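Participant: Now for the letters of each chain:
There are 2 protein chains.
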Amino acid sequence: MTKNQSFETVFFLNMKIAIAQNNYKVGDILGNVNKITNSIQKAKEQNVDLVVFSELCICGYPPYDLLNFDSFINACENALKTISKVTENIAVIIGGPTRNPDPKGKALFNSAFLIIEGVIQNTVHKALLPDYDVFDECRYFEPETTLNVIDFKGVKIALTICEDLWNIGNEGLYKVNPMEVLKQQSPDIIINIAASPFDYEQQEKRYGILKANAEKYKTPLVYVNQVGAHTDLIFDGASLVLDSKGEVLKSLKSFEEDFAIVELQKENISKPFEARPKIELIHDALVLGIRDYFRKSGLTKAVLGLSGGIDSALTYVLAVKALGVENVFGLLMPSEFSSAHSIEDALKSVEKVGGTYEIIPIKDAFNSVSETMLPVFKDLPFNLTEENIQARLRALILMAYSNKFGHVLLNTSNKSEAAVGYGTLYGDMCGGLAVLADIYKTEVYELSKFINRNKEIIPYNSIHKAPSAELRPGQKDSDSLPEYAILDQILYRHIELAKSAKEIVSEGFDEITVLKIIRLVYLNEYKRFQAAPVLRVSPKAFGSGRKLPIVACYKQVSSI
Amino acid sequence: MTKNQSFETVFFLNMKIAIAQNNYKVGDILGNVNKITNSIQKAKEQNVDLVVFSELCICGYPPYDLLNFDSFINACENALKTISKVTENIAVIIGGPTRNPDPKGKALFNSAFLIIEGVIQNTVHKALLPDYDVFDECRYFEPETTLNVIDFKGVKIALTICEDLWNIGNEGLYKVNPMEVLKQQSPDIIINIAASPFDYEQQEKRYGILKANAEKYKTPLVYVNQVGAHTDLIFDGASLVLDSKGEVLKSLKSFEEDFAIVELQKENISKPFEARPKIELIHDALVLGIRDYFRKSGLTKAVLGLSGGIDSALTYVLAVKALGVENVFGLLMPSEFSSAHSIEDALKSVEKVGGTYEIIPIKDAFNSVSETMLPVFKDLPFNLTEENIQARLRALILMAYSNKFGHVLLNTSNKSEAAVGYGTLYGDMCGGLAVLADIYKTEVYELSKFINRNKEIIPYNSIHKAPSAELRPGQKDSDSLPEYAILDQILYRHIELAKSAKEIVSEGFDEITVLKIIRLVYLNEYKRFQAAPVLRVSPKAFGSGRKLPIVACYKQVSSI
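Chains as they are written, first to last, in the numbering used here: chain H, 132 to 691; chain X, 132 to 691.
Watch out, some of these pointers could steer you wrong.
Since the list can't tell identical chains apart, any single copy or any two copies may satisfy a pair.
As the list claims (entries may be wrong) - Straight-line distance between alpha carbons at most 27 Å, and here's what the computed BS3-like set of lysine-lysine pairs gives:
1. Lys235 x Lys336
2. Lys509 x Lys432
3. Lys535 x Lys647
4. Lys235 x Lys314
5. Lys509 x Lys494
6. Lys452 x Lys384
No lab work stands behind these hints, which were simulated from the structure alone. These numbers come from a predicted model, not from an experiment.
Let the hints inform the model, and build the full structure from the sequences given.
Facilitator: The following block contains the structure:
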């Protein structure tokens, strides 16, 4: 036994608990029930006493306004009955929405059920409803105010739902701590069913919270999270069983379905929690995010534009990993401003993985559009307009390909560009899913280097050359933006850390640069409003978790 | 005195209350303070005792995640100090955010202040926080739980904030009714400061709620609403003073700034509430919505595509009303499938108002793109792809015009099209603001007829011909969609009334049609996600008030 292992004593022996970490689909109640009953069957075959599922798994999380349809709630209730019927000789803990019988308050609860032998023995409701960042549970649910442990074969279970445990071990947003109430009934174990979306800080943060609960309430803890992605939100699974010291007894897979059985015995050998490196987590999250977007939408094929730059090269490789090389098509669309190395580098991207591609030059179409505009534009000089026309022609070609052959266009914008609006609306901002739009340019490089750690997959030249949109002769990103190393630091402080211009300047950044960048962030809110959904991997992604007005006085806002 | 008039007796005489119904701008704290101090000055000049402003007027409503920035809250606090300094010889009731001193719970309150002679005498916080449809106040604010009337010169004021009064007179969502608590302290008057967005049912609904409060608590009621639009949300003002029977003592303008003084005397002559016709309200709302989007963004000029159809003709006229004919530019972009009458009708639109336009045929550019795609498309037949290419070329031309000359593109899609995805993403779905996307096609006709009530402004032919996208020979909307009269009824039942397919079919609609339409609604969630912001005029608009997943099992969802 190493110094990191510990012995854990619990008073109940030989209770076999199964953890069913499944990948559900929102609204696919029949499919979800199928997954659930399969897991129950599997648990029965292994003589499990209790099998635990994740939060709202009957309908998939997050169901959003589907919850406002009576018929949807009826279907969830019927599903619960179906599940109950297969619970002979086993107990099941599972999550789904229920109606609030009180005509006052929100119409629903976010509930967990203990089902034994076909009977719903207990129903408990979520007490702490997250409503910040991507969470909006106050929109739908009434919080529970009466809390009780539930009894299963003489074992007192503190059955809680996700956020219910999140009021210790962090800054703690809530006035009540459900576990402080439940501890008065001396629970033997905490079971927490969750749908906790991934970001690169989340696994460590989550472990910290769970450990704080196990330690404080001196009970083992079973934590069951959902896995799988739903458009922007990626759920990482990584379910955990902790002993009463907060050490790890069982750790389920990240970004994959998993099924594990734990027997809480006198002597369980635990191990310390191991955090995985940020870039590795982001990598796996993005691959799952792409794969589930396609699979759950019944789609198989993707198309994207390959410019020879790092963003499209990285997106291409991630898509190939997610969908298979046979399902990703690359379009090269050089213009007169494309450098020779751009085409070479783009081709190399494809060749490295043995993919298929086509080269469609845009010169003729660009000239034709220019001629079309001549009666209006007359002899006005080439400017941003013509740069945008190129970007939009490429989008038009990509979408034509998408329409003709049924491929979904992947967007390749990164977070730095998305933040300052360095992209053309209806041009390179197009796509069904934005793969990289939650990672800064500097992280794009890190992730590319991670992918290349053993061999060149993403062309070295795409990594090492100076970034350029190549929409006018000799253009470089650094003509209009600060170096990404500086830009990303400023953006991170403003977006992730919610620091003001003044605070960022006080850290030593150049005032004019900071004000310019923050102003650009706000001025481009209108572009991001129409952007593709962004795979969320950071604690503050563009999308539903960051809600800013479009029409506002940003000149003032950006300077305060 | 007619039978609709009543005498109202209140015990306090000669208290002059001013209602400042102003148009604020989100984030424009300096500008808002300026408006506020001007109104205070105006009130002083007329020997007003108390001047009342609307909810969160210091920062403008809704500020969304600007509230998450410490620096933004500091700026609001400083603004309050500035305002306090000009309150000699007058009292002011005003709304702004304040910090919650308790480290638990949300960081802010949505507050109202009574300021007298430079001193904030009372601060009360909103108790009922709306969190449904477009409202998300639980995201930011902690609800008040301790309620007290405030005293002003011996008058007991029940000072409440918007939703605080919304728990009687309707179905009532909340477990507490703040007025039930406050009535125990025998208030003499209810003052409610609000930021209540417009929809075409809202003025009547709102009056019903206010009347129910005045009647039940037997006090006069002063209701001050914000006016003006912020991107999608349009605030109609229409502030009201009611007597203790709920009759109207004073009714402020809709969709305009206004300032009124009311003296609550022994004998006030009241009048009944008058509801305005729906289409008239929608008309005024849309004009204000366009105007404020431009004005508050520092923009003046709009461009839009004129197809000869009713949607673009109506959008054009509304834009001309909002911005002036000199600021609206029409582009006609005929293709080989455009009928002769389309160009005539589009020209007539422009000529009727004396506007400027240009004709830019897309044939050559379309042919050039077709040739560009030839190596990939080979001899595949003309299909939806080529229809979309035309729509996207038009968007490209419109955006090129927009970029070159600084005009903002207005989107002309209606709600029926937006609902079923009858539109091309990055094509006719482009635009900075969607003017008609919250009114169904049948309402587009009604509104056009209203505009034409005295003379032909919108070409009669645009109103009377069969709707067509003209993207292939002889195309009609009714080739792929049911007649709008049927379509809109089904959509209204599903979107506004949240009825399921089964419920709609049980009302007598054809099952296959209903299932097809509802399925289309869901399948096109991905398109609407990237659509322009929609001016909201209905109780359930596409946008922030309707939040549905993109990746979900819609086949199943649409049939339950």
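Participant: Now, for every hint given, state plainly whether the structure supports it.
Facilitator: Against the structure, the hints come out as follows:
no., hint, in the structure
1, Lys235 x Lys336, "between (35 Å within a copy, 19 Å between copies)"
2, Lys509 x Lys432, "between (42 Å within a copy, 20 Å between copies)"
3, Lys535 x Lys647, "between (42 Å within a copy, 23 Å between copies)"
4, Lys235 x Lys314, "between (29 Å within a copy, 20 Å between copies)"
5, Lys509 x Lys494, "both (20 Å within a copy, 19 Å between copies)"
6, Lys452 x Lys384, "within (18 Å within a copy, 60 Å between copies)"
In summary, the structure agrees with every hint in the numbered list given earlier.
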